[in-house]
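Enquirer: All chains should be modelled from the sequences, with the hints used to inform the complete structure.
If you want the building blocks of each chain, they are given just below.
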Amino acid sequence: MNHAPGSPLLSVRDLQVHFPVGRRHWGGPQAVVRAVDGVSFDLQRGRTLAIVGESGSGKTTTALSVMRLAQPTGGSIRFAGQDMGALRGQALRSLRRRLQLIFQDPYSSLNPRQRAGEIVRAPLDLMDVGPAAGRDARVAELFAQVGLRPEQRLLFPHQFSGGQRQRLNIARALASGPDLIVCDEPVSALDIAIRAQILNLLRRIQREQGQSFLFISHDMAVVQHICDDIAVMYLGRIVESAPRQSFFGRPLHPYSVALMSAVPTVQGGRERARQRIRLAGDPPSPIDPPPGCGFAGRCPAAQARCREQAPALREAAPGHFVACHFVEYRDGAAWSPLAANPAPASATSPPRSAA
Amino acid sequence: MSAAEPVLEVDRLNVAFQSRRGSASVLNDVSFRLMPGETLCLVGESGCGKSMTALAIMRLVPDSGRIAGGQIRLRGTDLVRCAEPELRRIRGNQVSMIFQEPMTALNPVYTVGDQIGESLRLHRRLDKAQARAGAIDMLRSVGIPAPERRVDEYPHQLSGGMRQRVMIAIALACDPAVLIADEPTTALDVTVQAQIFDLLREQQARRGTAVLLITHDMGAVAEMADRVVVMYGGRVAEEGPVQDILARPAHPYTRGLIACLPGLDPAADEARPDLPEIPGVVPSVWQRGQGCPFHDRCAQAMPRCQQAFPPMFAAGPAHRVACWLHEGGTA
Chain D
136 MNHAPGSPLL
146 SVRDLQVHFP
156 VGRRHWGGPQ
166 AVVRAVDGVS
176 FDLQRGRTLA
186 IVGESGSGKT
196 TTALSVMRLA
206 QPTGGSIRFA
216 GQDMGALRGQ
226 ALRSLRRRLQ
236 LIFQDPYSSL
246 NPRQRAGEIV
256 RAPLDLMDVG
266 PAAGRDARVA
276 ELFAQVGLRP
286 EQRLLFPHQF
296 SGGQRQRLNI
306 ARALASGPDL
316 IVCDEPVSAL
326 DIAIRAQILN
336 LLRRIQREQG
346 QSFLFISHDM
356 AVVQHICDDI
366 AVMYLGRIVE
376 SAPRQSFFGR
386 PLHPYSVALM
396 SAVPTVQGGR
406 ERARQRIRLA
416 GDPPSPIDPP
426 PGCGFAGRCP
436 AAQARCREQA
446 PALREAAPGH
456 FVACHFVEYR
466 DGAAWSPLAA
476 NPAPASATSP
486 PRSAA
Chain V
120 MSAAEPVLEV
130 DRLNVAFQSR
140 RGSASVLNDV
150 SFRLMPGETL
160 CLVGESGCGK
170 SMTALAIMRL
180 VPDSGRIAGG
190 QIRLRGTDLV
200 RCAEPELRRI
210 RGNQVSMIFQ
220 EPMTALNPVY
230 TVGDQIGESL
240 RLHRRLDKAQ
250 ARAGAIDMLR
260 SVGIPAPERR
270 VDEYPHQLSG
280 GMRQRVMIAI
290 ALACDPAVLI
300 ADEPTTALDV
310 TVQAQIFDLL
320 REQQARRGTA
330 VLLITHDMGA
340 VAEMADRVVV
350 MYGGRVAEEG
360 PVQDILARPA
370 HPYTRGLIAC
380 LPGLDPAADE
390 ARPDLPEIPG
400 VVPSVWQRGQ
410 GCPFHDRCAQ
420 AMPRCQQAFP
430 PMFAAGPAHR
440 VACWLHEGGT
450 A
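Line by line, the protein sequences are chains D and V. The numbering of the first sequence is this note's numbering, which starts it at 136 and goes up by one. The numbering of the second sequence is this note's numbering, which starts it at 120 and goes up by one.
Where hints are given, some of them may not hold.
Unchecked claim - A few chain D positions that, by computed beta-carbon distances, are all more than 12 Å from chain V:
| hint | residue |
| --- | --- |
| 1 | GLN165 |
| 2 | GLY181 |
| 3 | SER211 |
| 4 | ILE212 |
| 5 | ALA272 |
| 6 | PRO285 |
Stated by the list, open to error - Computed Cβ-Cβ distance ranges for the label pairs, DEER-style:
| hint | chain 1 | residue 1 | chain 2 | residue 2 | range |
| --- | --- | --- | --- | --- | --- |
| 7 | V | ASP384 | D | GLY345 | 25 to 31 Å |
| 8 | D | GLN402 | V | PRO398 | 21 to 27 Å |
| 9 | V | HIS275 | D | PRO164 | 22 to 28 Å |
| 10 | D | PRO426 | V | GLU272 | 25 to 31 Å |
| 11 | D | ARG342 | V | THR223 | 37 to 43 Å |
Hint data in this document are derived by calculation from the structure and do not stem from the laboratory. Owing to the predicted nature of the structure, the values given are computational and were not obtained by experimental measurement. Virtual Cβ for every residue (Gly too), placed ideally from N, Cα, C.
Expert: Put into structure tokens, the structure is as follows:
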């Protein structure tokens with residue numbers, strides 16, 4: 136997505152967020168968690184960019200630094216043409232009106248002592264959005280938009296179900312009329328039947344009002360349903376980014392291929408489990424990441440070069456970027472090293488994974 | 120014991136909770152059988168009673184609740200009538216359980232070796248050195264590298280996936296007949312989940328353990344289950360072989376549950392219609408009336424659905440469903 140036509144709403148370049156950890160020994164170097172280590176992407180108006188990855192991949196830190204809730208240690212974030220890093224005080228506050236966040240946990244993200252109506256009205260009062268006299272009507276309108284009844288404004292959060300609480304979260308995020316909504320795993324705490332309701336609601340709101348979504352998730356099926364573009368993160372870096380159809384039609388990075396194959400599906404059942412690409416072990420620590428490709432230690436296609444030299448993101452197909460040395464070109468198309476020898480190679484691998 | 124006899128039989132289990140508002144029934148006439156070596160999945164949304172069923176089997180129903188009726192027969196012994204000393208001989212030995220969150224289920228102040236060895240010392244009367252050797256064997260068997268070193272480590276030194284392997288090692292140390300796994304991979308990443316599912320399958324094949332897997336993930340059901348019990352509102356809504364349940368779900372709730380999942384389709388369609396929804400929410404225990412607990416969310420509800428809970432009707436040779444739409448099929 137580095138091929139932005141027109142001006143993107145959000146443009147992130149070489150973002151770094153490093154956290155110091157532990158105590159620094161006398162004279163020794165400070166240990167640093169490289170939570171986000173050189174991430175670049177663009178998000179166009181009215182589109183949804185999904186950032187996927189496993190825990191510790193840096194996807195949430197990326198989202199938080201876009202909100203300026205985590206302090207970047209390097210790189211730039213431009214929102215609607217403005218460099219967010221240079222903004223302070225009132226300028227930053229007025230920009231925040233255009234950026235909102237929906238949290239993962241609908242229970243802890245609502246104040247239990249505030250009534251639902253007050254929760255949704257708070258951003259209007261705090262950011263002084265619209266005339267004070269019209270705010271009650273605006274709250275009622277927001278309730279209707281997210282499928283809550285107007286009389287529910289008087290209830291407290293504990294009187295709502297999980298799905299309804301997430302609707303409240305969405306109403307609050309919509310209150311200031313933002314251009315960009317960062318959705319941090321908005322459905323992972325919800326029951327499956329409720330998930331579909333919330334995903335449909337988010338898509339309807341985007342269709343009607345044209346916000347951009349930065350959608351953080353670990354669930355590939357949810358992401359496939361909601362995104363327009365996708366970026367896969369591993370160990371603080373984007374290893375693959377592509378438009379939706381290009382990615383799901385043919386994921387190229389070995390990690391993306393493995394991630395897709397790890398998802399159990401109703402249609403796939405046991406056959407899919409048998410043919411799964413098995414990854415050994417866990418991701419390495421972001422405190423002292425290995426040289427070379429971060430995925431080399433778990434990659435079934437890794438070779439000596441992967442451990443020495445970190446692959447750069449390169450455009451393998453139009454708009455489809457991948458950071459892997461061994462993505463090949465055959466018959467005018469790019470092929471993942473794991474897709475090169477279809478089924479047999481992975482199907483005959485032993486059913487047991489080494490840890 | 121012949122192979123045709125169930126190792127665990129839950130028969131019209133009722134669990135009720137007492138509070139200031141009165142008594143609430145959280146499980147109503149839950150019945151199912153678990154055969155030796157098979158994997159039975161209990162499926163449903165939160166609040167449907169699946170975890171409570173597991174706790175009742177372990178006789179770990181929280182203090183405010185009680186088993187109000189029914190039987191839980193483990194190889195013929197009714198666990199509902201067992202006294203506490205006998206239960207202690209059964210738990211961790213013949214029936215054991217792994218929990219959702221390995222970090223909170225493991226004791227942070229004991230080494231993993233101590234925690235695996237505990238059940239060996241208690242149930243097998245092994246001494247300290249034997250228990251440690253047994254713990255190392257178990258760690259190796261669940262695929263933990265360098266078990267001689269790991270046995271002396273504490274839970275915080277392990278990754279989430281390794282902690283769940285340790286939980287599995289603890290649960291399987293005494294070769295139980297029944298392993299209850301309550302959402303064992305919900306807290307784990309999907310690539311690690313795949314490893315844990317592989318491990319459960321492999322251990323089950325090696326030991327012949329019957330597994331009761333509690334999950335809300337239909338994909339996991341498709342991958343792990345031999346048979347499925349779908350629960351809703353504290354009752355069994357549908358029961359049958361996994362192929363029947365997934366390909367020909369008979370209960371409107373099961374159908375909705377499968378339809379509302381976003382698929383993972385390689386030929387992603389740009390049109391992307393909205394997902395089918397199940398409207399409304401799960402009723403609370405206080406709102407459950409006499410009828411089918413799903414009636415107010417069901418598109419095919421009839422007047423009688425509100426009045427009486429349907430008995431189990433046959434929907435196939437081994438497929439049973441509690442829904443008036445299937446009246447005529449006899450169980």
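Enquirer: With reference to the structure, classify each hint as holding or not holding.
Expert: Outcome of the hint check:
1. GLN165: At about 22 Å from chain V, D/GLN165 clears the 12 Å cut-off, so the statement holds.
2. GLY181: holds, 15 Å
3. SER211: Correct as stated: the minimum Cβ-Cβ distance to chain V is 30 Å, above 12 Å.
4. ILE212: holds, 27 Å
5. ALA272: holds, 27 Å
6. PRO285: holds, 19 Å
7. V/ASP384 x D/GLY345: 25 to 31 Å: Check passed, 27 Å falls within 25 to 31 Å.
8. D/GLN402 x V/PRO398: 21 to 27 Å: Given about 25 Å between the Cβ atoms, the range holds.
9. V/HIS275 x D/PRO164: 22 to 28 Å: With Cβ atoms ~24 Å apart, the hint holds.
10. D/PRO426 x V/GLU272: 25 to 31 Å: holds, 27 Å
11. D/ARG342 x V/THR223: 37 to 43 Å: Once the Cβ atoms are compared, 41 Å apart, the range 37 to 43 Å for V/THR223 and D/ARG342 holds.
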